[in-house]
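*Asks:* Protein chains in written order, with this note's numbering: chain A, -3 to 347; chain B, -3 to 347; chain C, -3 to 347; chain D, -3 to 347.
Bear in mind the hints are in silico, worked out from the structure with no lab data behind them.
Check before you lean on any hint, since a few could be wrong.
Since the list gives no way to pick one copy over another, a pair counts as held whenever it fits inside one copy or between any two copies.
No farther apart than 25 Å at their CA atoms in a straight line, the calculated lysine to any residue pairs in the SDA-like style are these [claimed, not checked]:
no., residue 1, residue 2
1, LYS285, GLN312
2, LYS285, THR165
3, LYS285, PRO64
4, LYS101, LEU122
5, LYS285, PRO227
6, LYS285, VAL212
7, LYS52, LYS285
8, LYS101, GLU228
9, LYS285, ASP30
10, LYS285, GLN231
11, LYS106, LEU164
12, LYS106, HIS262
13, LYS106, LEU67
14, LYS106, SER81
15, LYS52, ARG160
16, LYS285, VAL154
17, LYS101, ASN264
18, LYS101, GLU225
19, LYS285, ASP309
20, LYS106, VAL78
These numbers come from a predicted model, not from an experiment.
Protein chains: 4
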Amino acid sequence: MQLAMIGLGRMGANIVRRLMRDGHECVVYDVNQDAVAALVAEGATGADSMADLAAKLEPTRVVWMMVPASLTGAVAEEAAAVLESGDILIDGGNSNYRDDVRRAKALREKGIEYVDIGTSGGVFGLERGYCLMVGGSDSAFAHIEPILRTVAPGVGEVERTPGRSGDLTPEEQGFLHCGPSGAGHFVKMVHNGIEYGIMAALAEGLNLLHNADAGVREAEHSAEIAPLEEPEFYQFPIDTAAVSELWRRGSVISSWLLDLTAAALHENPRLDGLAGRVSDSGEGRWTVKAAVDVGVPVPVLAASLFERFASRDEDQFANQVLSAMRLQFGGHKELPAGDVLEAGGRKSDSA
Amino acid sequence: MQLAMIGLGRMGANIVRRLMRDGHECVVYDVNQDAVAALVAEGATGADSMADLAAKLEPTRVVWMMVPASLTGAVAEEAAAVLESGDILIDGGNSNYRDDVRRAKALREKGIEYVDIGTSGGVFGLERGYCLMVGGSDSAFAHIEPILRTVAPGVGEVERTPGRSGDLTPEEQGFLHCGPSGAGHFVKMVHNGIEYGIMAALAEGLNLLHNADAGVREAEHSAEIAPLEEPEFYQFPIDTAAVSELWRRGSVISSWLLDLTAAALHENPRLDGLAGRVSDSGEGRWTVKAAVDVGVPVPVLAASLFERFASRDEDQFANQVLSAMRLQFGGHKELPAGDVLEAGGRKSDSA
Amino acid sequence: MQLAMIGLGRMGANIVRRLMRDGHECVVYDVNQDAVAALVAEGATGADSMADLAAKLEPTRVVWMMVPASLTGAVAEEAAAVLESGDILIDGGNSNYRDDVRRAKALREKGIEYVDIGTSGGVFGLERGYCLMVGGSDSAFAHIEPILRTVAPGVGEVERTPGRSGDLTPEEQGFLHCGPSGAGHFVKMVHNGIEYGIMAALAEGLNLLHNADAGVREAEHSAEIAPLEEPEFYQFPIDTAAVSELWRRGSVISSWLLDLTAAALHENPRLDGLAGRVSDSGEGRWTVKAAVDVGVPVPVLAASLFERFASRDEDQFANQVLSAMRLQFGGHKELPAGDVLEAGGRKSDSA
Amino acid sequence: MQLAMIGLGRMGANIVRRLMRDGHECVVYDVNQDAVAALVAEGATGADSMADLAAKLEPTRVVWMMVPASLTGAVAEEAAAVLESGDILIDGGNSNYRDDVRRAKALREKGIEYVDIGTSGGVFGLERGYCLMVGGSDSAFAHIEPILRTVAPGVGEVERTPGRSGDLTPEEQGFLHCGPSGAGHFVKMVHNGIEYGIMAALAEGLNLLHNADAGVREAEHSAEIAPLEEPEFYQFPIDTAAVSELWRRGSVISSWLLDLTAAALHENPRLDGLAGRVSDSGEGRWTVKAAVDVGVPVPVLAASLFERFASRDEDQFANQVLSAMRLQFGGHKELPAGDVLEAGGRKSDSA
């Protein structure tokens, strides 16, 4: 079928490629004309304006936006201006599901169907397909199903879940109508929240393995911290690259994120050159806020978010306050990294 | 090669089967004679005592214990009594790595090599093979390598990590010499600690999805908790079984634990009959204690452990203390589930 | 000076009493006419409507609302309708600071000054005074300062902070102009967030003391959980009531919340009759959400909030998911409280 | 009565001073002869060896050790060598209660009573007295009660807990027989664990206040993190020194640790010169490990400990692993502090 794509960054362009490979007809638009030209060279129809894009589509028009979340609002307005009642506007970016709820309501007044699609897959999506979490009306979902089926991974090599039989459901092919407008990005938001938690679990565990030789390194430790009480139990120089490779086979924690970890550690076993200042995008934050709203405890998901904040030193003033309190109640001076406390300094919290 | 297995529970028996399939010769022993008989019927040599077991092996004897962790100490002593200098005693159970360090030291005095093997694979290990994390001397590891190679999953269908080339390393075949005695169970301990974290991330996320319709259910809520502030954003009745199936394909959180989750939710979408009192075995606890010892922050791993404690109401007295404090400072009565606070009761923490 | 109070619940009434004791003139209004009558009997001027209330005040009118947060919006609108440009409307309740920002902006258009006051003090405020966190313009703050000075605790018996000298600042007397509109409730919000954290620290610590005899009770334990490894170290039957009383004197954790804890445990040492379902009001939630917004890690404050959610079984579905996963990968049945696992069941997470 | 003090650091010396003021007779010993001389000048009897110290005491000898935890074992052995059956040896330092359990058992064989005393009070103890948590036999506790009564704060200015009447209990005077050997340090350990939690709650809350102007500073932010979504709600430049002073009066979080915080922030409002590398002594760690042992959830206490680890960059490898994973799945480069991501880089976790 016919579809227009607005936003030809890596993900937008690759979705277009995947659609064209499967015989769909794509009209493409981007502020970057080179990006348009590249896809035109691969068989897409280029558009040089929103109006042009709309003109090149037959009703029912289906327009997929794949732009940075910060631009989605403006682009959606531009697109809505050239669309007609009955047309379908898709947001495949990383929007906050709350914006979907608001936008869908506004567009519904014009008769335009708004569909939010949470899209997972990253750099591998072109080959593997993208996992699609869809929010919107039943009729809109039904209309775009051929597109979704193409963009999604399909069954692939994943074994069928025991107990399932008969026709394959959409979710078994990698796309799902999750609910009304907003539900797609809500599910994607939680997906990313879980991703943060899994990443953190792996990172914390590997950090513990990385320090399993603390008993050997004990002598080098400054007195700044409590001494290792039983150094004989921490004498293991663990090869974390080898261990993460090992766990890929036969272990219960095998997973795609572990695959990536093994690849990263094989490439750069000591992770030289990485400062460990970990960015976060909106989804992890929205997940925690949504959980707080509905009263669902998410200590693991929240902890994984806060670790990222702390990795960027956003805990700095809190830590200074702790040092300041300790100075007050014990007269204990804080020491810069590497320095050594005076005798007895170790008794620092004994107040 | 020849190997004796002590302990013919599910895992011990299946390891024997996997070894025999590959042509290894197995002597088997268990206090349960039926378990012995079953494997003898499949081609194993039965032993009716430790001494018998030792007598049926040629030096260098290799004896693998696969017994509950609480029995390992006693069984190891019995086994050591019939073994000779140069023989190899393997603990494939879920022992605390600290016990390995102690046992290896004691057995070394008798010339017996002690090898600890953390074994992951569960009910699927017979077919898939077991991920093996090995601690012990270089020579012992070299001697038992043919056994490890058979028990491990091998390369299987897992894609090779980008950047790896040449001969396959042991870890690419699912077994690894992690370090000296204790290192195998140390790595297995951390593996299980990570497993707790991943499981918790999935469970928390699914709980949030399960409550994404809180705005619909708002009316039923007792006044016991803060009211939902923007119910319009929590109107999604999410099918968690379908979502967990969906994420198996193309998503960055696809993993074996997600596969299990999808299977469980397909079987029993509302999880009827499960009380949600979650057990924990030692590894999760040991992981947190080890991290505390060496000063590695593990907020996610610890939170996942504490959630399990709380699921069994081990937080009860703490919660009562909180209720008691609140009674003191605000005169706020605590209400049983389902009851409704008097007007103004909601302002409970406003002191 | 002259002030009107809307809302004569415990806090509103006591603030009026405290003001009248110090010679201020109070006009009082509540939908509950008995509450009005009671204060009229003590010397206040009653009002029987908003209009009446406004009529009984001289410009610059100062009106203090002390109503449940859910009613503040409506009451503020009613009050604004009878106020004039230059008048001051105070919200002393537990509003979300975001509502203050919005309301202040709307009222500013009518020339009405909006002042938000976070008020702490609870049942003891009548005697001790209330800690007042004030947001609003400099001129409004200056105008109401005499009232604030009366309502606040004053210096009291609290020792002056070392290094402070000269005239007492407002904060040394228990009231502070924290910033523009919203700043008062923002600071109060964080105050309550901290309160949750302190309460949780005390509750968790006391729970650990309560279980310091776990080694004695070991035999009664079901096999549902990992066995206590060194029961000889957990043989202490601690009297938590006595300990909390003890810590009130000379210890670094002495605090008002500890005083309350000691009182509660003295009254009811086993906390009989308390179910431990802990309510939460909005502030703890808003604190976590604000921290997430600005990227400040608050693992302790968030954990204390999540513990309250879990105390009300809001973790139920997550725990069921965990049980369901465990059933899948190990065939381990979940047991109801009190039951005993079959032999070997303890090895439950060994997959 | 008569008592010997071994270890004349700040706390040991001040306890001696407090005892002498109240008429007790003190024999003092330290490897530092100047410390001995100083107290002799104030009226103590000096000892120049353990044997000398023992000789200068009448049976039943009472010897109080106040030495760094790392030396307690050795000093206890030296002291035991010169004591006789029936004598009492006190450890007032910050020992692990497990060492008390072991030492008490060993000394009991020689007939020596071992008493462990957790001591809180810090630099203010000389004037205020020390909160004393005592473990040991009933008879030993009874024998040393006059000493405890002197060292403890007594009733002081702390109001009696409502509901208490009649004779003052020991805990109302600041000392308590908590249980058998080890119980004193166990209670002190939990006390310090709670202290970590309270300190962290205050520090996190103040950090949030410190960042309440994030909306003003937004422009300066690098694109490394998710943008502030509603900057209009984070426009508060809060004076954290003034706020912490404010909360000392009338607020429910008033506490001694808040007093210290207010003093610290008054002295140094921006906390200049403090790196925020927060040390920890053993108690916080032992608390978490004990909680894990007995299955008590302590998410707040653990989080406060892990924050300290992270403040010293012990999370470094974990953070590098996270950065490495993100590089793998999105091709996102990590940026050093202060740099700016290329357009679209903000979508970093959208995989």
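*Asks:* All hints are to be evaluated individually against the structure, with a verdict given for each.
*Replies:* So, going through the hints one by one against the coordinates:
1. LYS285 with GLN312: both (23 Å within a copy, 19 Å between copies)
2. LYS285 with THR165: neither (32 Å within a copy, 37 Å between copies)
3. LYS285 with PRO64: Classified as both; 21 Å inside a copy, 24 Å across copies.
4. LYS101 with LEU122: The answer is neither: 32 Å in one copy and 50 Å across copies each exceed 25 Å.
5. LYS285 with PRO227: between (42 Å within a copy, 14 Å between copies)
6. LYS285 with VAL212: Between copies, since 18 Å is at most 25 Å while 43 Å is not.
7. LYS52 with LYS285: The answer is neither: 41 Å in one copy and 45 Å across copies each exceed 25 Å.
8. LYS101 with GLU228: Only across copies: LYS101 and GLU228 sit 12 Å apart there, 64 Å inside one copy, limit 25 Å.
9. LYS285 with ASP30: Close neither inside one copy (39 Å) nor across copies (41 Å); limit 25 Å.
10. LYS285 with GLN231: between (42 Å within a copy, 16 Å between copies)
11. LYS106 with LEU164: neither (36 Å within a copy, 61 Å between copies)
12. LYS106 with HIS262: neither (54 Å within a copy, 39 Å between copies)
13. LYS106 with LEU67: For LYS106 and LEU67, only the intra-copy Cα distance (21 Å) is at most 25 Å; the inter-copy one is 35 Å.
14. LYS106 with SER81: Within one copy, since 6 Å is at most 25 Å while 41 Å is not.
15. LYS52 with ARG160: neither (42 Å within a copy, 47 Å between copies)
16. LYS285 with VAL154: Classified as neither: same-chain Cα gap 33 Å, cross-chain 37 Å, threshold 25 Å.
17. LYS101 with ASN264: Answer is neither; intra-copy 49 Å and inter-copy 35 Å both fail.
18. LYS101 with GLU225: Answer is between; shortest inter-copy Cα gap is 19 Å, intra-copy 62 Å.
19. LYS285 with ASP309: both (21 Å within a copy, 19 Å between copies)
20. LYS106 with VAL78: Intra 11 Å, inter 41 Å, cutoff 25 Å: intra-copy only.
The earlier numbered hints that this structure contradicts are 2, 4, 7, 9, 11, 12, 15, 16, 17.
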